[in-house]
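Visitor: Letter by letter, the chains look like this.
8 protein chains.
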Amino acid sequence: MDNILELVDKLKSGKISLENFIKLYEENYILKHNDIHVDTFRNKRLGFDEVIYGRNKTVEQIKDIISLYEQKKLRFFCTGLDNQKLKELKLSFPNLIICEKSGTAKNFSSSKPRFSNSVGVIAAGTSDSKVAYEAIETLNALGIPNKKYIDIGVAGIHRFLHYMDDFKKHSVLIVIAGMEGALPSVVGGIFSQPIIAVPTSVGYGTALSGFTPLLAMLTSCANGITVVNIDNGFGAAMAAFRIIQQIENKNDR
Amino acid sequence: MDNILELVDKLKSGKISLENFIKLYEENYILKHNDIHVDTFRNKRLGFDEVIYGRNKTVEQIKDIISLYEQKKLRFFCTGLDNQKLKELKLSFPNLIICEKSGTAKNFSSSKPRFSNSVGVIAAGTSDSKVAYEAIETLNALGIPNKKYIDIGVAGIHRFLHYMDDFKKHSVLIVIAGMEGALPSVVGGIFSQPIIAVPTSVGYGTALSGFTPLLAMLTSCANGITVVNIDNGFGAAMAAFRIIQQIENKNDR
Amino acid sequence: MDNILELVDKLKSGKISLENFIKLYEENYILKHNDIHVDTFRNKRLGFDEVIYGRNKTVEQIKDIISLYEQKKLRFFCTGLDNQKLKELKLSFPNLIICEKSGTAKNFSSSKPRFSNSVGVIAAGTSDSKVAYEAIETLNALGIPNKKYIDIGVAGIHRFLHYMDDFKKHSVLIVIAGMEGALPSVVGGIFSQPIIAVPTSVGYGTALSGFTPLLAMLTSCANGITVVNIDNGFGAAMAAFRIIQQIENKNDR
Amino acid sequence: MDNILELVDKLKSGKISLENFIKLYEENYILKHNDIHVDTFRNKRLGFDEVIYGRNKTVEQIKDIISLYEQKKLRFFCTGLDNQKLKELKLSFPNLIICEKSGTAKNFSSSKPRFSNSVGVIAAGTSDSKVAYEAIETLNALGIPNKKYIDIGVAGIHRFLHYMDDFKKHSVLIVIAGMEGALPSVVGGIFSQPIIAVPTSVGYGTALSGFTPLLAMLTSCANGITVVNIDNGFGAAMAAFRIIQQIENKNDR
Amino acid sequence: MDNILELVDKLKSGKISLENFIKLYEENYILKHNDIHVDTFRNKRLGFDEVIYGRNKTVEQIKDIISLYEQKKLRFFCTGLDNQKLKELKLSFPNLIICEKSGTAKNFSSSKPRFSNSVGVIAAGTSDSKVAYEAIETLNALGIPNKKYIDIGVAGIHRFLHYMDDFKKHSVLIVIAGMEGALPSVVGGIFSQPIIAVPTSVGYGTALSGFTPLLAMLTSCANGITVVNIDNGFGAAMAAFRIIQQIENKNDR
Amino acid sequence: MDNILELVDKLKSGKISLENFIKLYEENYILKHNDIHVDTFRNKRLGFDEVIYGRNKTVEQIKDIISLYEQKKLRFFCTGLDNQKLKELKLSFPNLIICEKSGTAKNFSSSKPRFSNSVGVIAAGTSDSKVAYEAIETLNALGIPNKKYIDIGVAGIHRFLHYMDDFKKHSVLIVIAGMEGALPSVVGGIFSQPIIAVPTSVGYGTALSGFTPLLAMLTSCANGITVVNIDNGFGAAMAAFRIIQQIENKNDR
Amino acid sequence: MDNILELVDKLKSGKISLENFIKLYEENYILKHNDIHVDTFRNKRLGFDEVIYGRNKTVEQIKDIISLYEQKKLRFFCTGLDNQKLKELKLSFPNLIICEKSGTAKNFSSSKPRFSNSVGVIAAGTSDSKVAYEAIETLNALGIPNKKYIDIGVAGIHRFLHYMDDFKKHSVLIVIAGMEGALPSVVGGIFSQPIIAVPTSVGYGTALSGFTPLLAMLTSCANGITVVNIDNGFGAAMAAFRIIQQIENKNDR
Amino acid sequence: MDNILELVDKLKSGKISLENFIKLYEENYILKHNDIHVDTFRNKRLGFDEVIYGRNKTVEQIKDIISLYEQKKLRFFCTGLDNQKLKELKLSFPNLIICEKSGTAKNFSSSKPRFSNSVGVIAAGTSDSKVAYEAIETLNALGIPNKKYIDIGVAGIHRFLHYMDDFKKHSVLIVIAGMEGALPSVVGGIFSQPIIAVPTSVGYGTALSGFTPLLAMLTSCANGITVVNIDNGFGAAMAAFRIIQQIENKNDR
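Protein chains in written order, with our numbering: chain A, 9 to 261; chain B, 9 to 261; chain C, 9 to 261; chain D, 9 to 261; chain E, 9 to 261; chain F, 9 to 261; chain G, 9 to 261; chain H, 9 to 261.
Derived from the structure by calculation, the hints contain no laboratory data.
Any given hint might turn out to be false.
Computed list of chain B residues with no C-beta within reach of chain A, every gap over 10 Å [said to hold, decoys possible]: (1) E34; (2) Q69; (3) Q201; (4) L222; (5) R250.
In silico DSS-like cross-links for lysine-lysine, where the CA-CA straight-line distance does not exceed 25 Å [what the hints assert, rightly or not]: (6) D:K109 <-> A:K71; (7) A:K18 <-> B:K177; (8) B:K31 <-> H:K18.
Here are some of the chain E residues that sit facing chain D, going by a computed Cβ distance under 7 Å [to be verified]: (9) L19; (10) S25; (11) L26; (12) E27.
Treat the numbers as computed from the prediction; the structure is a model and nothing was measured.
Positions of the beta carbon are idealized from the N, C-alpha and C atoms, including for glycine.
Kindly generate the complete structure, drawing on both the sequences and the hints.
Guide: As structure tokens, then:
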């Protein structure tokens with residue numbers, strides 16, 4: 009069964025019944041193991057691989073998933089892993105490529121880019137770098153060219169002035185900031201590209217674990233800025249992916 | 009002074025001093041009147057007109073702005089106007105085109121689209137329609153083709169099944185929902201385009217004036233969904249505009 | 009087209025294609041008018057009529073819906089209507105039966121009960137009565153026998169002692185309280201029936217517009233109490249309806 | 009003293025005084041030990057055993073309770089136990105049956121079901137499984153047949169489509185979800201049974217430790233959904249128990 | 009039936025059955041009318057009259073209660089009435105004594121004090137005076153001597169220094185403050201009497217409608233301060249009443 | 009200098025200047041050591057000893073204070089100590105009397121009561137016992153007779169019925185509850201004494217670390233209940249102390 | 009009695025007793041009328057006049073205060089007045105100078121500046137102008153030179169570049185912004201003067217009535233920025249006044 | 009390149025182009041290493057050194073920064089370091105001067121003061137001392153004379169009376185308090201200097217981790233108090249620095 013689209017077309021035109029469709033779909037595209045369902049068709053349906061979110065999963069659950077993937081020869085990419093989890097996974101799967109700076113693991117080396125449009129990943133402070141690296145690793149896994157700009161603060165606004173020419177070259181800007189989260193407003197007031205703002209949990213007290221930059225970004229006086237969850241570098245990369253797919257017309261519409 | 013880019017190039021290469029640049033910029037691109045500065049160059053710099061946000065401005069302040077625009081023969085477009093403000097503005101400026109459904113006013117008729125890629129504006133319930141119309145009117149003002157799909161609820165999930173083929177045709181989906189805000193998760197799990205989620209203040213009690221759908225959308229288990237402020241149909245349209253500019257390569261990079 | 013179940017069976021067994029199913033479904037079960045979709049099949053699919061929620065709809069939108077219903081000879085029932093809306097609707101549709109105490113309107117008189125199991129609607133204070141009446145009117149519309157017990161406070165706990173024998177007779181208890189919302193805990197500790205707790209916005213300051221009783225009910229030390237939104241008498245009645253359908257086995261499983 | 013009902017009847021008809029009633033009740037139905045009162049009559053009065061909530065109790069307090077139960081030959085069932093507590097209890101009471109997946113312990117093996125109606129326990133993600141298992145273990149302890157469906161996400165809405173026939177067979181659906189908590193809305197829009205929604209603390213940032221799915225579920229646009237506390241699998245099972253008692257008429261009304 | 013205590017004694021000793029007790033209680037001590045139960049025995053049971061809380065009741069509901077009271081020759085006292093309600097009640101019941109400064113109404117003139125211990129009612133600012141007057145009117149109705157001290161701010165801490173001798177004479181101090189609510193901390197650090205702190209909704213922005221002084225008072229570094237709801241002058245007076253009853257041993261223990 | 013009151017009288021009548029008063033006060037009544045000021049006069053001024061609050065102090069800071077007290081032969085009583093701190097303090101000061109159940113330490117054995125009126129300390133659940141013991145130990149230190157009633161839940165409301173005669177004997181009731189915090193409302197509706205409600209952080213999810221019972225108690229429909237901070241058994245005891253001082257007229261007014 | 013400092017010196021050195029001091033102070037420096045105390049000495053003690061805060065006062069209370077001031081020939085200045093209050097006050101006191109733009113009233117014309125250092129009042133948007141004018145009017149009343157800069161947005165960051173030379177001339181900068189409140193961060197990163205940030209309630213949804221800019225300003229990554237309450241232009245002016253008094257050494261230290 | 013001001017003047021007058029300016033600036037004033045940019049010019053531009061904020065940085069990142077500073081012979085000062093980080097840094101850089109009481113580290117000994125005006129650092133309780141020491145160490149690093157006053161509580165208001173003469177001598181008062189945060193209101197009502205209020209996270213329950221004193225300070229009824237983030241002793245010192253620079257006219261305006 010190599011083509012889900014054919015399967016859907018058959019259903020639509022009545023060549024197979026709904027019952028048969030569900031049965032075939034389930035047999036061919038859903039991996040089941042214990043309490044895990046892996047949707048191997050998502051790749052085709054949505055245009056990207058199923059990325060595993062590791063933060064709320066136990067090491068055992070993640071190992072189960074890796075085993076399933078390895079057995080089916082699928083690409084495995086997992087985010088939200090702390091150093092302890094990374095170490096335990098590496099022990100069980102020595103071929104796993106782990107990255108402490110971003111908290112990610114994968115079973116494939118990032119091949120050369122599949123896209124030509126690039127993403128600028130801009131972080132306000134050194135402390136925001138983990139979120140930036142999560143975005144970067146995800147973009148790498150998706151085959152999207154990207155460049156990082158870390159410690160570009162708004163309090164030292166002159167500091168990003170000399171990157172302005174660089175920023176203009178990217179098709180999408182991911183702008184990451186904790187504290188008061190003002191950087192996306194400043195960037196959004198100068199640049200015309202799609203801007204995906206990522207608040208981080210950097211700061212204390214009134215930073216409210218990232219809710220202050222989140223609210224500030226959502227309330228930005230710069231037009232057309234969009235926002236993802238706190239510390240969600242992965243989500244920002246996926247949003248950039250959706251945009252770049254449209255630009256390069258590579259999704260399976 | 010018809011070309012700001014030339015002005016910037018002169019500054020960069022040292023042909024004019026910073027002091028002269030600021031002076032020329034101010035004289036040519038900033039309209040000042042009372043407590044209002046209008047940045048007429050934003051159009052060129054960011055790729056879009058300056059849209060006036062009317063919610064927190066008095067009728068007097070808005071009238072001042074319209075007068076300035078009319079005098080300079082600029083296109084005026086204003087959002088966030090209640091019926092009372094619309095009526096008062098219409099009295100003073102009979103040529104103004106007002107729209108009660110969206111709470112907007114403008115001094116030009118929407119010309120034919122400047123772009124070929126289109127936006128789908130999907131709203132969960134009839135009660136969300138005002139936010140949808142604000143997005144639509146903004147898209148119209150920007151020259152972006154769009155189509156509305158209102159009352160597509162997640163509780164009656166079958167209800168949007170028959171729009172699936174339509175949804176696929178758009179380059180960007182704006183998905184609007186109040187209450188529990190689940191619609192973007194469902195749409196985002198099926199479609200691969202960029203999705204801009206707009207929470208609305210529809211609901212009561214635990215809807216928290218739109219914060220419940222806002223939080224739900226930010227926490228969506230569907231990948232790569234981005235979010236704007238509550239009831240911010242305008243912001244969603246501007247975000248779509250940033251994307252479509254990239255797709256059609258019409259921005260001034 | 010009088011039988012949706014046959015339609016589904018045809019789809020499942022492949023007698024009609026998905027495309028045909030959607031087309032037939034849409035033609036026969038969805039009323040469309042302006043920005044409104046009415047799902048006339050919900051009755052059969054879920055076992056109850058589509059109730060209109062009037063709070064966030066304009067009078068014009070509600071009138072559109074009534075016209076559609078009248079034209080299709082469907083039963084119309086609407087909740088969340090303030091006195092002003094009720095008056096305007098009554099003017100346009102003189103046959104409408106309006107109820108100020110509950111904020112509801114309908115186009116049919118409540119027939120004799122369709123069910124034999126009954127619901128006890130218990131409210132802590134006189135001030136909670138509007139929510140109680142919304143539940144009662146909804147139960148009446150659904151054909152469920154019910155009895156009201158209003159002003160049964162927890163501060164005067166003796167006050168409900170003499171209703172204990174009455175309470176035992178009902179299959180479901182809807183327990184409504186504002187302020188600190190303690191009544192469901194007390195009732196739930198004594199009675200074994202399903203208990204649906206409804207917090208109300210009665211109170212001031214630390215009552216937090218109903219969030220204090222909401223949180224208190226969710227945190228109840230009495231086992232197995234379930235909760236609905238603040239002031240949501242309608243939702244409590246619908247939850248009772250789901251339960252009584254199971255008891256009397258009248259749903260369309 | 010084998011019959012509390014006779015005791016109550018005697019009080020009501022005046023055969024024993026209130027003073028005597030309290031004395032007899034206390035002697036026969038309340039176990040006291042240190043700072044613990046165990047209400048052994050709750051079984052008869054409410055129709056279920058007293059379940060111990062272990063989360064805020066020290067190991068010493070729980071051991072006291074087990075000793076009391078063992079001595080009185082009562083069935084002991086305790087929820088909310090972390091692995092450390094489970095281990096310590098097991099050391100002291102080797103016959104205790106402990107379950108790490110659900111965080112529960114009991115001193116009896118689950119006998120065969122006492123009820124014929126069943127409960128479907130549906131969880132959105134693998135990460136929600138602990139809450140699902142708490143519900144399942146409680147249902148088992150109560151003698152209620154049940155079936156689990158884990159990793160049925162709303163982002164992959166097709167994923168639960170092939171369980172639809174299964175879901176229809178249950179008398180009650182417990183629907184568990186973290187993140188944005190959209191699953192109950194989708195299930196509630198399709199199925200007519202009583203639906204008990206359980207938000208979980210799975211997620212980060214804007215998931216607000218489970219408050220986002222809690223608020224979303226309470227604000228659901230699907231009618232008649234009821235909600236319990238965050239991560240409260242036990243409470244959902246008890247609510248299902250109250251309903252099934254009514255269906256099978258096994259409570260002591 | 010003039011003695012409830014005899015009735016209880018008869019129940020306790022078995023002279024009357026529980027059924028008879030409930031019947032007699034209900035006939036003699038509960039006034040019922042529409043959705044209102046008035047507990048005329050509360051006076052004896054708790055040591056004070058039932059005070060009506062008018063804020064969430066309609067004028068019609070309050071009129072019903074007054075009629076009941078008048079008919080039974082009971083003392084009526086109602087708090088939480090705005091000027092509009094006061095006016096409408098006065099029209100229907102010309103003998104009613106209304107007080108705009110406190111928002112109260114009663115059908116009796118405050119007789120001479122029943123107690124000898126007094127209460128000091130201290131308010132931080134002129135803007136807090138309505139809450140102070142509600143406390144004062146309630147104390148008057150209860151027959152408790154009291155003295156008011158209004159506009160004693162903490163920012164002008166010298167201002168209350170010259171009242172120190174006065175404050176010492178009272179048995180209970182009610183301390184009322186909005187804004188940052190610091191006055192109870194200062195008073196509590198100097199005086200040894202029971203202190204009942206009342207936060208008010210005076211202020212704006214970060215005053216959070218009274219939640220800031222509420223939280224500040226609950227967190228006071230002065231020992232043994234207790235707090236009531238925001239703007240709850242009535243509740244503070246009732247708490248003082250409970251204390252003074254103990255001091256003068258006038259309650260019905 | 010054995011009499012502060014004489015000192016104050018001298019100041020008032022002008023026998024000593026303000027400068028001299030401050031100097032004498034400082035020399036005689038303030039212990040200074042490092043960053044600590046201990047106010048030894050508080051005993052006389054407010055009628056009670058200065059109790060040390062240990063939660064936010066380091067072990068070193070507490071040791072400094074104990075040393076100061078021991079050297080000056082003052083009674084030391086400290087609350088808010090976890091087991092680790094208690095152990096370290098015991099090591100340094102072997103004569104210290106520590107109590108793990110309440111988290112307190114003192115350098116004196118509780119002498120026989122100084123007061124004749126007693127306090128009832130009522131806790132809803134076994135899990136609330138630490139807060140109850142903190143209140144009890146404080147009352148003991150103050151010489152106030154008291155009796156504990158633990159695990160008196162509101163869900164098993166019958167459970168406290170047989171304590172009713174006991175409760176009546178106390179002059180003040182401290183009522184402690186976590187979860188939904190309903191117990192004070194029920195107790196306050198039946199008993200006429202001063203009631204000091206203490207919310208606890210027992211519970212999870214919607215218990216909001218004690219804010220749900222706090223809000224519920226502040227919003228209680230029972231009249232005249234006052235509230236202290238979450239888990240603040242100490243504060244409740246001090247509030248009871250203020251009241252009992254008034255009843256027995258033992259304060260230094 | 010023309011010199012309070014002499015009075016204090018007499019107390020300190022023992023020439024007058026505390027009792028006499030309080031009596032003299034009260035007779036000479038406190039105006040009492042109904043529930044109002046006016047502290048006429050504050051001027052000398054703190055270095056500024058007592059400004060009346062009108063927002064939570066009734067028109068009647070404010071009129072009482074004006075009458076007192078007029079009678080004592082004091083300078084009256086009141087903030088927080090809406091147009092309705094301003095109109096009513098003007099009717100009663102025709103000589104009053106009212107200002108709608110700032111919501112203030114005074115009974116004196118602003119004389120020439122008493123200070124030489126100036127304050128820059130910078131507001132992000134036209135909608136923030138009312139808060140700016142409140143600061144400006146207060147500075148005028150205090151005799152502090154000032155200059156306004158309104159509509160200097162952070163999204164159009166170039167817009168304030170040409171004011172940079174102006175900003176440098178002021179001794180204190182008051183920076184006012186609603187929405188995401190980013191302007192103080194940008195200004196604070198460039199300028200070295202004291203910066204007083206004022207959040208405004210301009211915006212909607214996630215602006216949280218000014219709490220989002222408040223939190224953002226408190227969390228600013230620019231060093232040494234201080235913040236006042238939402239919309240508190242008056243407070244910012246008073247804070248500037250405290251600083252300028254120090255600079256010019258005009259306070260009564 | 010020893011003079012940035014000359015560089016700016018050259019740009020302004022057109023002697024160098026913007027491109028050259030950026031290049032020169034970058035080469036001379038920005039240290040880059042890994043993900044860190046250090047802005048060595050900030051000293052001159054803003055009038056103070058760049059202080060490193062250590063709380064959200066890893067030890068490795070801080071070590072990188074120290075190495076950079078040492079290599080460039082710059083003064084290094086870092087705040088927000090816990091004992092573990094301090095220890096690790098000391099191991100790598102034995103010459104580092106670390107301070108556990110304040111959580112700071114520096115590579116230079118505080119020279120003699122550069123300023124003559126002093127700051128009073130006043131803390132309400134012993135538990136607030138860490139925040140006080142952070143302010144003091146920062147002031148020392150900046151060369152500002154200062155004096156500490158710790159354990160000056162508002163509940164023992166007499167306790168700070170004897171410091172009043174001391175307080176008067178300072179040009180700026182930093183007032184630090186946790187719990188209800190009342191101290192700044194009391195100090196602000198008596199003293200006329202600039203007051204910078206610092207809320208601390210001392211307290212529990214309703215202290216809300218410092219948000220209660222934060223809100224209380226922002227809502228203070230004392231005029232002209234300004235506030236910084238919770239526990240932000242560093243920020244308060246920097247704000248004092250900005251003021252004292254103005255007083256002594258030492259900034260580079």
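Visitor: Could you run down the list of hints and mark each one as holding or not?
Guide: Verification of the supplied hints:
At roughly 17 Å from the closest C-beta of chain A, the C-beta of E34 (chain B) stays outside 10 Å, upholding its exclusion from the interface. Distance check for Q69 (chain B) against chain A: the nearest CB is about 16 Å away, which clears 10 Å, and the non-interface claim stands. In this structure Q201 (chain B) is not separated from chain A by more than 10 Å, as the shortest Cβ-Cβ distance comes to only about 6 Å. The non-interface label for L222 (chain B) is inconsistent with chain A: the shortest C-beta to C-beta separation is roughly 8 Å, within 10 Å.
Not every CB of chain A is more than 10 Å from the CB of R250 (chain B) (nearest about 4 Å), against its label as outside the interface. Restraint check: the Cα-Cα separation between K109 (chain D) and K71 (chain A) comes to about 17 Å, which is no more than 25 Å; the hinted pair holds. Restraint check for K18 (chain A) and K177 (chain B): the C-alpha separation of about 21 Å stays at or below 25 Å, so the hint holds. For the suggested pair K31 (chain B) and K18 (chain H), the alpha carbons sit about 17 Å apart, so the restraint of at most 25 Å is met.
Using the Cβ-Cβ criterion of 7 Å, the hint placing L19 (chain E) at the interface with chain D is satisfied: the shortest such distance is roughly 5 Å. At about 3 Å, the closest approach between the beta carbon of S25 (chain E) and any beta carbon in chain D falls short of 7 Å, and the interface hint on this residue holds. Contact between L26 (chain E) and chain D, as hinted, is supported at the beta carbon level, the nearest pair being about 5 Å apart and thus within 7 Å. At about 5 Å, the closest approach between the beta carbon of E27 (chain E) and any beta carbon in chain D falls short of 7 Å, and the interface hint on this residue holds.
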